Amino acid sequence: MRAGFILKEIGQGLSRNASMVVSVILVTFISLTFVGAASLLQLQIGQMKNYWYDRAQVAVYMCTDVSPSEPCPQGEASADLKAAVEERLKSPTLQAYIEKFYFENHDQAYQTFQDQFEGNAVAKYVTPEQLNETFWVNLKDATKSQIITESFSGVAGVEEVRDQRTYLDQIFSILNAASIAAIAIASLMLVSAALLISTTIRLSAFSRRRELGIMRLVGASNFYIQLPFILEGVVAATIGSILAGGAVIAIVQFFVQGYLAQQLPFTSFVGLADGLLVVPILVGAGVLLSAVASGLAIRRYLKI
Amino acid sequence: MISIANVTKQYKGSVKPALDNVSLEIEKGEFVFLVGASGSGKSSLMRLMLREDIPSKGSVHVLGENLVGIPSRRVPYFRRKLGVVFQDFRLLTNKTVAQNVAFSLEVIGKSQGFIQEAVPDVLRLVGLEGKENRLPTELSGGEQQRVALARAIVNKPSILLADEPTGNLDPTTSQEIMALIERINLAGTTVIMATHDRNIVDRLQKRVVELNGGVIIRDQQGAGYQKAQTGANQIVEGGFFN
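Here the protein sequences come in this chain order: U and P.
If you read the first sequence in the numbering used here, its first letter stands for residue 1, the second for the next number, and so on.
If you read the second sequence in the numbering used here, its first letter stands for residue 1001, the second for the next number, and so on.
Just chain P, with the same shape it has in the complex (with noise of 0.2 Å):
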């Protein structure tokens, strides 16, 4: 589903690379948090497989596309197959959250009808039922988030990338956002989620990845925020194909 082989990453005018001969596997129906200090390459990773960026060196497989040799105009095309959040929410502040969801469709050229079934359907999934026509400043962080959500999953995507998508929320709110994106990924949506949420990592054990300059240090399933101190867990650094 996604395959990231031997990635290095150089960004222009910096001496240290952000990613540094990075491999990862991915399955389909994973639940992945990716976790890591600020720099330490988590935003990197999820840039390159939006194909945002292309890796200096190695090589980006997503949903069966090669994100290094695929032509732009076929880009976007691939990235109607991914949904993204993040923590900021990026809503269009001056549309309801109707519009904002149907924006998402409209602009890839779905017809009015598919729309008007598709739009309402999502916002009762994530819980947004009878709001439709509230704007994005009349509303909590957390209903921002979900409309946020209901706009990456609107067009059924394979793989949700959430960036820090509880960042600014309060706790009670995050387990909430936290419930609805475990639903998305019970019903077979592939999750990548970059956080710095001790708390949600650790109750969640799930499959979790740590990065720290630029380099895999841990990839280990059902894990807490930090590498328990047992000394049990499966390391994987660099060689996770070799």
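Next comes chain U alone, as it looks inside the complex (with noise of 0.2 Å):
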């Protein structure tokens, strides 16, 4: 195998039909950054989920006066009642689960609420005794929600016991349905990358049928013919994936980090170190894309 010779018609073959090589590799190049754009968006998600999850608690709401009568038809918790929750929460069989857990009044309530709620027209209007007085729980397991969800519901007192967890879950959700949006992008322009890669090849071998039948008949092995159609797709292909992998790098420096992070400082967003993570599998993908399009393109093309 001489590689001056597999180079020489590698370079031949690029240059003899260069518009359709530019649009190989700007259709890999566009279709992996919408893969790493997707890829970066599902860490994003993992580490939002991992952020929040920790923090997510488990809010137990105690009933007030204007509480509905359903479930609270004695109006605002007693004190009685309300050690009872505590009590309750204290019991081994739920400490098991409990990291910590304690207890907001009325006043502390309305204090967070106007906090949160600064500038709202809705912060004038409410009164602390309209809203709940709560027990907060950290649980060492933030999935195990069902245990404090069923110990406290329909209790005396308790108007409603609520996972904050379910809160997050829309919001992951819109994420992940908007990751998965661009996954399915992704991959119809994948689909036509291989195509518009193997159609490359085949007028590559086409205009060179001259040569590829002078190779046939003086005994050059399919391997020798083939190489430089594969090698030509998978140079065009490398090429449009380091493009895209450069445009992740991108994204996650000037966009996410140096736009976003700005923005939203108490939101975790992903790093450099996730685009470096996500790099080099866009260039495995377009590699193994290329090699097999081309590969498949060529044999077909190339009946011995």
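Hints listed in this document are in silico derivations from the structure and should not be mistaken for laboratory results.
Every value quoted in this text rests on a predicted model; they were computed, and no experiment measured them.
All C-beta atoms, glycine included, are put in the ideal place defined by N, C-alpha and C.
Among the clues, some could well be false.
[To be verified] Some chain U residues well away from chain P (every beta-carbon gap over 10 Å; in silico):
#1 19
#2 215
#3 287
[Said to hold, decoys possible] Here are the simulated lysine to any residue pairs, SDA-like style, with alpha carbons at most 25 Å apart:
#4 1012/P x 1063/P
#5 1110/P x 4/U
#6 1110/P x 210/U
#7 1081/P x 214/U
#8 1110/P x 223/U
#9 1095/P x 12/U
#10 1081/P x 12/U
Please dock the two separately framed chains into a single complex, following the hints provided.
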């Protein structure tokens, strides 16, 4: 095997149908950028889940005077009822699951509410008595919130038990849908990239059919005949996937870290390390896709 | 060397077979003309010997290889033992004479050292000394066919298949090319040549295999283009082995 000969053949092939090669580069670039963005979004969702699930609490809301009468026939939960709930939270059975809990009274809840809705009209109308007194429970394992919910639902003086994760799950499912959409678009584009690669390779083989005919006639091995074509596709797709890798790094560096992280300082975002994790996957996918596509194309075109 | 037994070749979509129960044996060093009208099966027969095609029925053995059962990855290595020339020369117009010959060695992985020795040698042999750096378009038809012959024999094949090599050449040039092919044959290479050129066949008086409608109607040593009218010729049809 003479590398010089192979390289010369690849160079000729690439320059002979330059416009097709450019389109292969662009299509792999765009499609793999989508793949990269979708992967980053998945990493971001994972990161946010870790971050927020650790902080998610289960709230045991106690009855107030304005609570509906269905769970709270007695109105405001009395001190006895609150003590009963606290007693239960301290019981050994539940302590096994609870990391810590604390009680928030009307005034504290009001203060928190005022902080959260500062400047919002609703903050003016709400009074401390309207806000629930709450036992905030941090679980050792956030997925076991069911235990608390079951223990306190229907208990006298408890209006509602709410796992904060249910709010988070909605946000995550929206983000998840977005990343699935990106992956769907990416796979469509990858299919078109694969078809484009095989068309390009076929065109390249057609423009070199005289050489190919002679190569077959004088007994060049299949490998020797096919390798330049396969490498031609791989070279084009590699350029495209490296560009996609660059785009992913740029998105992380300039959009996520440079813009989003500044705008939302309390959220943890994917960083350059995550970006660098995605790049080799993109290049690997690009190389594999193009090798398979051009290999199949040339094999079907060149029957011995 | 070449042994074709009871071969039938039926192409898809045609009713009549291109070759119909053909048997033929060719020994080492022979010079065989394949003659017959267009469509008589000459080219189909040559394609089978090159393993460009496989027969619908029967067996083809060339240089000890069973070409019906040979795995496709071994076909290239088989073809290296054969040289082929065509009526239309099939040269690469963007390469010089020397590059055209060198190309056929490059693609089978020969070393640069071997190529640098073999190419000038073979070009001298075919009488193209001093024209190494010409492009095919700057050469006459006869010279182009010499390049094609050089390319076919540079790897010292045991068999030379020539499909109407003089079809595009004038009579004088044809004679020069035939002289060259005879020299190649005298050096020990088996030559199988399909032709329509009556003069050449008559003049050389070699073995002649005549095909008609996919059937061998004559297989005769030291013969001319057409069957002599004396009736003394040995006619072998189909059952050459029987």
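Results for each hint:
For residue 19/U, the condition that its CB be more than 10 Å from all CB atoms of chain P holds, with the nearest at approximately 21 Å. For residue 215/U, the shortest C-beta to C-beta distance to chain P comes to about 5 Å, within the 10 Å cut-off, and the non-interface label is violated. For residue 287/U, the requirement that its beta carbon stay farther than 10 Å from each beta carbon of chain P is met, with the minimum near 25 Å. For the given pair, residue 1012/P sits about 28 Å from residue 1063/P by alpha-carbon distance, which is inconsistent with the 25 Å threshold.
Between residue 1110/P and residue 4/U, the direct Cα distance comes to roughly 13 Å. Compliance with the 25 Å bound is thereby established for this hinted pair. For the proposed pair residue 1110/P and residue 210/U, the alpha carbon gap of about 21 Å is at most 25 Å, so the pair holds. Proposed proximity of residue 1081/P and residue 214/U is supported: the alpha carbons are some 15 Å apart, at most 25 Å. The hinted pair formed by residue 1110/P and residue 223/U meets the criterion: a straight-line CA distance of about 15 Å does not exceed 25 Å.
With a C-alpha separation of about 13 Å, the suggested pair residue 1095/P and residue 12/U falls inside the 25 Å cut-off, and the hint holds. For the suggested pair residue 1081/P and residue 12/U, the alpha carbons sit about 29 Å apart, so the restraint of at most 25 Å is broken.
Checked against the numbered hints listed earlier, the structure breaks hints 2, 4, 10; every other hint is satisfied.
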